[in-house]
Amino acid sequence: MQNTQALVQELARIVGPEYVTDDYWARCSYSMDSGMFELLDAKPPAVVVRPGSIEELQEIVRIANKTKTPIYVRGGGTSGAGTRGTRIQESILIDMTRLNRIVEIDEESLTVTAEAGITWGRLNAELERRGWRLGVKGPYSGYAACLGGGVAYNSVAYASTRYGLIAEEVISLKVILPNGDILVTGTATNPNAKRYYRYANGPDLTGLFIGSLGVFGIIAEVTLRMYPKADYSAYGAYAFKDYQRAHACYYDWLKHWIAEDVAWYFEDGVSVMTPELYEQGYVSLLTYVVEDVTEDLVNARKKLLDEIALRHGGAPQSPEYASQGWIYKFELLPRWAGKIGMWQWTCHLQSAGGTLRALKAILGYIKSRKREMDQKKVYSATVSVAERNCGHISTSVYYDQGNPESVKLAIEIAKEIARIGMEAGGSTYKPGELWYPYTILRNPVYRETLIKIKKALDPNNIMNPGALTIPDKW
Amino acid sequence: MIDVLEEKVRQMVYRCTRCGYCRLMFRARDNTERVCPLMDTTSGFELYTARGRNWIARQIFEGKLGIEKMTQDAINAIYACFICGSCTEHCLVLDPRSWERFPENVYDDHLIINDEITRYLRSLIIEAGKPPSEIREILRNYQHFNNPYGKPREKRGEWVNMLDFKVKNIAEEGGETLLYTGSIAPYDERAVKALLAIAKTLKLANVDYGILGSQEIDSGAEVYDLGEFGLFEEFAKQNLEIFKKYGISRIITISPHDYNVFKKYYPMFFKEDWSKLNIEVQHYTQVIAEAIENKKLKIKANLSNKKVTYHDPCYLGRKNSIYRDPRIIISSTGANLIEMKLSRHNSYCCGGGGGGKWYRPPERTRAEVERVKQAKETGAEILVVACPICLTMLEDGSKTAGVDIKLMDVAELLMTVIQ
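Residue numbers (numbering that gives the first Met the number 0), protein chains in the order written: chain A, 0 to 473; chain B, 0 to 418.
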């Protein structure tokens, strides 16, 4: 890395002096995100810069590459899984939030293209104003989480039950490669073509950047599918007294692939939302959401989901259990945090049929640690949100941030849940420190292949060095 | 006092989930498009918004950052905040007891009051003797002259000489209802005109009020915002004594800032000393709206050809949920009220709160300029306000931006139709 002052001057020339800072306190204010892992070793970057255009971003990357200065990219700063590599201090942190324009709502291609720093909340709102909607709506932190982060992190999203992870709705990416070149993927590989399909003109390079945590390049623009705005919706909720029946219903709902959202709350999770159900002997609550462009379509889907639930012995509950989370999407987590503390995710995928097996192991583990957790103000809430053909388990571990003992135990519990989930056949979609010991680090061929690609694309190892277990120095 | 606040702030910073909604939220369901005005007016680095400042406060609590080493950029950022409360309003870390009200929560339902964290950081800067020179000067004026302008105390009551009726001085003639003018309205050339309209309207509504004139003491609202807690405490204690001495049972404030501090902070810090005085606090818009509803004012609602828009002052609307009363007054004139997109709890700050009237770090644009542009977009010819700071700020903003829109206090608008 070159001298900081010289770097600041060069960056100021690109973005204007007001959008670059090396002030220590300003940098310190960037030494966090929503996760607990960053807190253990929070280090501020050397410089923070807020580019306002793709061209500025491109120039910043060129300078970083020339001076071999590591780059960390930040959108909404809502990551919760320890994704910022090894947090090298002599680095440039790029705050992407000025890159927040909608580039094109392309009705011809049924796609929307936006800059990576737009929030999911805004993208949804702007599309709906124009009579369109996204398939996946964005992650649970979507009022601050940005589009690029959702892709680089391969996040789950509202409506993942129907549309899959964010990855599955991505049509094309515009990526700034480590040498500053711009790569456009999908149909737009043909300069005359619009961005309307992902798998075209050769291998799927889009996929290389999804879930990459930005180690191969910076995602600058994202093209997603869009659908006509859904004006009709319906909600349902059913309580179950045993896991087997709940799982059978969950599996059938998932198999028919007709709900936008299917969520399965467990006894510890239920206690977050509905203590009265637990008191009546219910251990699971299943909810669904459907939305569509006509009332008939919604009613037909609702009818089938209700029939399935009743067939499996579900006790109908107020649809509000489902509607509250959907209508006020992106608003639940902070509310829960106000009630029970800061959260740490342990979300991962399981096969649809195998979800119950893993759940039992995780819930059993939580029960075995319950007394200690209560003592140290650590709480859990387990929910399984179906994702297309997959099950999914997320135990949120809530803890008291002001109590080091609570933080320590929460980390231990989260790590153990990750281990149990992975050993039960799980797989993580969003990368992060919690998962590496059971995934990338256990698969040398996969890891070496990642490193080879990284070396080819980023010989100076400037992009988020250390992330994905790729060495921070060659 | 500082101990009480310090403990509250400590709890708040550890409740922050760092979700960043205070910085970036765009929410369709209630037209939230911009939470923090500093994202428009400054460089928008984290330190300028609540999440960044909360993180800094936490690091100070944990001994990782020392206030004595705080940089000028950081001081600028912390004093850039207008304390408009929008970040608090949009924070979703809510007191679970208030969940039943969701999504119609009020300001005090929030477990993290970001304003307090900013004030606390400012208090540390003051304690370390490092405030920006402009702030230092304002505080000196408050200390020596009891107003931010550094004008003589005696002038505080001179505005009544411009009225064509007599207003009693409670200190000399007694009286229980105090028209509390605050430290902006009596001294500012533009704001005093609004004050005169308010005084006339109250008189026509048969409100039996008086003033304290040169004996009125600043409420401490602004010095509290600036982090000068010692001076706030001094002013507040003097006010408690004066209110007690003259048997004040009702205060009608001109400024929403004074309303806010009497309503929230006197009870919080002075508990029984305040509560035993049993003082009813109202903003003048509440009193006038009540008079209109009780038909105590003769109004000819003939402004139907006028398009007006209303700017909700942060300290009146967002922080105290007084949205209805100013609108009752506007509606009584017959004027065609067109709401701005950012109104009510989403109101965009005029840029004058939290010391913003006196001090601004280097900016890209000014909040008051942005706000008058938003007002003009409605097609309104009159921008109505209910706060002396907003009035002066937005009037300046319209001149700076060259936006042709007339600024009026809500009482001034009403006076045009009172018979």
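If you're looking for bench data, these hints aren't it; they were derived computationally from the structure. Hints are supplied without guarantee of correctness; some may be wrong.
Distance condition first, Cα-Cα at most 30 Å in a straight line; then the derived DSBU-like pairs of lysine-lysine [what the hints assert, rightly or not]:
#1 B:Lys-150 to B:Lys-398
#2 B:Lys-375 to B:Lys-398
#3 B:Lys-63 to A:Lys-375
#4 B:Lys-398 to A:Lys-42
#5 A:Lys-338 to B:Lys-63
For clarity, every value in this text was computed on a predicted model and none was experimentally measured.
Could you tell me which of the hints above the structure violates, numbers in ascending order?
-> 4
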